[in-house]
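Student: Quick mapping for you: the protein sequence lines, in order, are chains C and X.
All residue numbers for the first sequence refer to the working numbering, where the first residue is -6 and numbers rise by one.
All residue numbers for the second sequence refer to the working numbering, where the first residue is 2 and numbers rise by one.
Just so you know, these hints were derived from the structure itself, not from any lab.
Some clues are possibly wrong.
[As the list claims (entries may be wrong)] Partial selection, computed: residues in chain C whose CB lies under 8 Å from chain X:
1. A179
2. Q182
3. R185
4. T197
5. P201
We treat Cβ as the ideally placed atom computed from N, Cα and C, and that holds for glycine.
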Amino acid sequence: MTKPLNNRAWFFVLPVFAIVAFSAILPLMTVVNYSVQDTFGNNQFFWNGIGWFQELLDPSSQLGEQFLSSLMRTLLFSAIILLIEVPLGIAVALSMPREGWTVALCLVLMAIPLLIPWNVVGTIWQVFARGDIGLLGWVVNRLGIDYNYTGDPIDAWVTIIVMDVWHWTSLVALLCYAGLKSIPDAYYQAARIDGASRWAVFSTIQLPKMRRVLLIAVLLRFMDSFMIYTEPFVLTGGGPGNATTFLSIDLVKLALGQFDLGKAAAMSLVYNLIILAICWVFYTVMTNVDAERERIEA
Amino acid sequence: MARITLDHLAHAYKANPRTAEDYALKEINHVWSQGGAYALLGPSGCGKTTLLNIISGLVRPTRGRVLFDDLDVTDLSTEARNIAQVFQFPVVYDTMTVRENLAFPLKNRNVSRERTARRVEEIASLLDLTRVLDRKASNLTADMKQKISLGRGLVRPDVAAILFDEPLTVIDPHLKWQLRSTLKEIHRALDITMIYVTHDQTEALTFADKVVVMHDGAVVQTGTPDELFERPAHTFVGHFIGSPGMNILPCRVEGATAFVGTSLISLRRTYRTLSDGERIELGIRPEFVRLQPKGAGLPVQIRRIDDIGRARIARVEMSGRPLAASIPDGISIEGNEASLVLDPNHVHIYANGHLVAGEATGGHAA
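Construct the entire structure; sequences and hints are all you get.
Tutor: Shown next as structure tokens:
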């Protein structure tokens, strides 16, 4: 049987294309345009070919070195964030109540960090972690630990990571909780009858049933942490030195601080491609595990 | 293997139950003997799943005790009881193969590898699962999955009873029959007590040696399928079992005569103990009510005739009351007027819903 073809469908699709083109593709093309040119102000542009890209990807040049170190910092940050927030989110979801009025209370409490504007989160932690007037910083210092996030790179990293964990773990927890809620009671009852241990229940029922929401959680947390800008910008401004200068902060410094439009455009394109590539790898690996299983079964 | 005794068992989901209405399960005393095939039959919400969960230990009863043989297991956890349960929706462990699924309960109980492997093979061949043993359990059909759930129960050699909670709900009709006969075969082969919860009378009557009928949180009758059909102890049983169900007619009884509206029905037994305040009803199954051309017998009006395949059922009205009657083969009725002949051996009298025994009237004792 052949499906009837109806070209009228294009009339419905074309407006969407037009809007997407106007809002996404055109600006992106402007960036592509900048990335192959150099400017000295006065709206004068000179053709530079793939020069910026060559410089960017050559670690021996100044730009390349700067880019590589920011990229490494960002990758390290994302890795740490995923390693902490995913297991912690699962643990929180598992310990949340399954029914009763406490469910609503938990959900509301957990949603609060997600509702706070990002620069406010940065400001909250900037004050909270200060050694002189911030509650956290003051207490830590009184405990005899020398802590100063504006002076010590390790302290700055710890502060940003704790802030991000505080801000975003609830997202992972809420997604996992939704996954857990969809498991019928019969599974838990059957597991009890089969004499399964708590660990066996987790590894044979809960984790497999949460796999799909975990894929979404990992993707979201990776993308967000890889593109993080506002909170560290407010908290540390990329310092001390360049210790917390992530790719996004570097990019803004280059584009708006130094007004190096060509370099910044090349960098944002590479940045964009890295995110796309890593997400694609995550997605393919995690969905392939599914497909692989189904192929073996068939 | 065990006899299961329910001793003054009652359960309320509310805290501090006071009136009978608060109880989801009203007091019940019952013994499930070792090796029996029982069905727990009743409409949705009558407390049968609650009762099942109490036996398996998923729910702790408010009052009373559960005994396996002479051991009080009321406070024992599900894991500690030797019980298996098959649920309405098939439960399989998605990440495991069929073999691993079947081995799971034994692995959790630290049974040696060789014994587990041997036992899994045995059960798999019994359930006809051998050829799928190495496939993942998640992509099998619902009836296969249900067999795996059942297999996980059977694989434990010490299991005292297997409880089924409406296990065929999600199974395709043509496979239901197959799976039910598999269950029967296993029951015969293994001598295990089986308790089968269902709201489907066909399932209950074909599966069980003994059927326990529940209504509104209480057991209304326990008996063989024949007993439930021949002598329903409660109007609910009469109505719920059989299709169509028993005819229940409000009446007045004087000695050995019942008055239904203006019609007079003579009875085989004498009822002297009925008091005025009680709701008296006469019950007779459509199978024992024969429709005949107008003449001798009770005059009725025909409303509709249903052909249900193996028989024809007439929906009639007698003195304004609806009634179902069977039409004997080879009889054709002209017009709307007809007569009914009731088999007096199968007329029962109920007071407030409960069967009244009555006394034998000289020589006619049924």
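Student: Quick check on the hint: C:Q182 CB to chain X CB, less than 8 Å?
Tutor: 5 Å, holds
Student: Taking the least C-beta to C-beta distance, is C:R185 closer than 8 Å to chain X?
Tutor: 4 Å, holds
Student: Does the interface hint hold: is C:P201 within less than 8 Å of chain X, judged Cβ to Cβ?
Tutor: 5 Å, holds
Student: Should the hint that C:T197 touches chain X count as held when the rule is a Cβ pair under 8 Å?
Tutor: Holds - the Cβ of C:T197 comes within 8 Å of chain X, reaching about 5 Å at its closest.
Student: Would you settle whether the hint for C:A179 is holds or violated, based on the nearest Cβ-Cβ distance to chain X being less than 8 Å?
Tutor: Hint on C:A179: holds, closest Cβ of chain X at ~4 Å, below 8 Å.
The structure agrees with every numbered hint stated previously.
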